[in-house]
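Protein sequences, first through last, are from chains A and B. So the first sequence is numbered by the numbering used here: it starts at 1 and just counts up by one. So the second sequence is numbered by the numbering used here: it starts at 460 and just counts up by one.
The hints are simulated quantities; they were obtained by calculation from the structure and are not laboratory data. Possibly wrong hints are sitting among the right ones.
Stated by the list, open to error - A few chain B residues that don't get close to chain A, going by computed Cβ distances all over 10 Å:
#1 Arg478
#2 Thr519
#3 Ser557
To be verified - Reference listing, derived: stretches of chain B covered by chain A, where coverage requires no fewer than 3 residues with Cβ under 8 Å from a Cβ of chain A:
#4 464-470
#5 488-497
#6 504-510
#7 538-548
Note that the coordinates shown come from a computational prediction; the quantities given were computed from them, not determined experimentally. Even glycine gets a Cβ: it sits at the ideal position worked out from N, Cα and C.
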Amino acid sequence: MLHVGKVKIPLCSGLSRRSFLQVGSAGLASLVLPQLLRIEAARAVEERSAKIRNCITIFLVGSPGQLDTWDMKPDAPAEVRGKFKPIKTNVTGIQICEHFPLMARMMDRVALIRSLHYNTGATHENGQRWMMTGHDFNGDNVKPHCGSIISRVFGPRGDLPANVILPGPIGNTGAGPLHGQTAGGLGSAHEPFFLGADPALTDFRVADLEVPKEQSAFRLDARRHLLDQLDELQRRTESRSTQMHDSAYERAFRLLTSPKAKKAFDLTAEKDTLRDRYGRNTFGQSCLMARRLIESGVRYVTVNHFDTVFNLSCWDMHADGGGLNNTYLDYERMLCPQFDLGFTALIEDLEQRGLLKDTVVAVLSEFGRTPRLNGRGGRDHYPNAWTNFLCGGNIRGGQVIGSTDKIASRPHDFPVEPPQILASIYHGMGINLDTTMMPGPGDRPVRLVEAEPIRQLFA
Amino acid sequence: MEQKFDGTPRAEIRLDGRRVIRGEVTHDWGLLMQWEIRRNGQVIATVPARAETSYLHPDTTPGTYEIVLQMWKYVDYKKKPDGEFINSKFVEISNKVSYTI
Chain A
1 MLHVGKVKIP LCSGLSRRSF LQVGSAGLAS LVLPQLLRIE AARAVEERSA KIRNCITIFL
61 VGSPGQLDTW DMKPDAPAEV RGKFKPIKTN VTGIQICEHF PLMARMMDRV ALIRSLHYNT
121 GATHENGQRW MMTGHDFNGD NVKPHCGSII SRVFGPRGDL PANVILPGPI GNTGAGPLHG
181 QTAGGLGSAH EPFFLGADPA LTDFRVADLE VPKEQSAFRL DARRHLLDQL DELQRRTESR
241 STQMHDSAYE RAFRLLTSPK AKKAFDLTAE KDTLRDRYGR NTFGQSCLMA RRLIESGVRY
301 VTVNHFDTVF NLSCWDMHAD GGGLNNTYLD YERMLCPQFD LGFTALIEDL EQRGLLKDTV
361 VAVLSEFGRT PRLNGRGGRD HYPNAWTNFL CGGNIRGGQV IGSTDKIASR PHDFPVEPPQ
421 ILASIYHGMG INLDTTMMPG PGDRPVRLVE AEPIRQLFA
Chain B
460 MEQKFDGTPR AEIRLDGRRV IRGEVTHDWG LLMQWEIRRN GQVIATVPAR AETSYLHPDT
520 TPGTYEIVLQ MWKYVDYKKK PDGEFINSKF VEISNKVSYT I
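Taking the hints into account, I'd like the entire structure generated from these sequences.
Put into structure tokens, the structure is as follows:
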């Protein structure tokens with residue numbers, strides 16, 4: 001059995017007349033995606049039996065150095081081991097950076113993957129594409145964000161979109177616009193919903209949830225009625241893109257008119273003590289909002305820790321003395337403490353609400369950083385080895401998958417490539433990677449990622 | 460997008476013997492928090508304060524000790540040639556306590 005999203009396509013064991021007509025004489029090459037997209041058929045996924053129902057991805061834009069965070073080498077030469085010291089965690093034998101003291105207390109929930117690597121270029125955008133889509137690609141063949149795949153496969157729950165990115169999209173990171181945070185060929189119906197506002201601000205508002213003052217409910221209803229009529233006309237010339245826009249309009253109206261959606265985005269409903277626990281900053285409040293959104297039915301939330309690497313304190317530790325002048329001081333005083341507080345608050349909060357068992361939290365980045373400090377005491381881009389991690393759902397915490405050599409320059413054992421992370425998330429959410437496809441070039445169905453899940457991750 | 464920080468952090472601290480204890484931090488910016496210890500007016504130590512809510516300074520050299528809780532205040536990432544920040548700095552977020560040995 002082959003599935004395209006939720007659409008069942010029997011194969012050799014029995015080709016139905018309907019699917020035969022869809023598949024056509026040229027086989028899968030002529031699948032009619034618009035029809036397939038509209039058909040509600042048997043599920044391609046085992047959603048009910050899936051251990052993971054939601055995913056929160058924290059994306060560390062700029063990328064921390066593996067030697068300064070989660071793969072420390074205290075016995076390496078000074079120019080390799082850097083300035084920070086390792087501390088023990090609550091799992092015997094696992095040490096992490098001294099500036100993650102709160103995370104060290106919950107290492108039993110975390111699965112570190114210390115052998116990530118790829119070899120297709122060391123720009124931020126390369127890494128973003130790999131880690132957010134499981135592919136590298138160019139502008140002619142844009143691949144969808146992982147959350148857009150989840151949106152396509154499962155659809156939204158209720159009024160909220162299935163895929164939300166907080167607080168906003170990644171902007172300029174140096175080498176072009178392809179960051180892997182779009183729906184690609186899946187169309188506008190599955191585009192991520194970008195918050196587009198800073199939840200740390202006292203007067204925070206989500207523009208897309210606010211009906212303009214000059215618009216009464218009556219006028220809004222009238223516009224919707226008019227739009228429905230236009231949509232009906234469009235359906236007569238049915239095309240894939242118009243159907244996608246149908247869904248996009250529908251989503252916009254649902255958001256505008258849904259009390260539940262407004263409530264989900266309202267951080268003032270949280271106790272001050274909890275908001276403090278997350279950290280009263282953009283990242284911490286975005287993590288808190290991620291929990292609220294998951295609780296309200298959103299399936300996939302991405303928190304971008306920074307939207308650029310230029311002229312601000314972020315993980316991109318070149319120490320170049322100019323526009324990329326992040327140093328150990330930025331890590332020690334801002335980045336590590338901010339991450340430590342926000343991440344641990346999120347895990348605790350999800351757990352206390354009974355949501356962690358259904359939700360995987362993936363902390364991802366673009367690449368690692370050079371094993372040897374550069375001439376100014378910084379580290380540069382290095383995709384040959386780095387550490388990311390997952391927890392929650394049925395991820396088996398308290399383990400380290402893979403390792404690097406003595407200076408964290410290469411995987412020493414169990415090398416892991418980015419698509420395997422995505423494959424693991426899809427697998428955890430109940431998606432069968434052999435039978436669930438997405439539209440590829442010419443609308444032919446292609447695999448979501450060319451990789452298998454990391455079985456060791458799961459309990 | 461620069462990170463935004465809401466409000467001004469504040470905490471009450473108190474002494475139990477020589478041990479200093481902090482209460483909850485309100486409007487916590489979530490950045491590096493540290494105890495600053497002075498003896499006879501001179502800074503002799505800064506110690507991370509995030510992981511634990513109390514701290515006992517081990518130094519028993521005679522003198523008057525004064526302790527305050529500080530947090531990093533991020534304004535921007537601009538740095539001097541020596542690498543230290545120009546505008547961002549540590550600020551006090553608590554009352555001060557003192558004892559004499």
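Hint-by-hint comparison with the structure:
1. Arg478: Non-interface label on Arg478/B holds, nearest chain A Cβ at 19 Å vs cutoff 10 Å.
2. Thr519: holds (26 Å)
3. Ser557: Non-interface label on Ser557/B holds, nearest chain A Cβ at 26 Å vs cutoff 10 Å.
4. 464-470: Answer holds; 4 residues pass the 8 Å Cβ test.
5. 488-497: holds (count 5)
6. 504-510: holds (count 3)
7. 538-548: holds (count 6)
In this structure, every one of the numbered hints holds.
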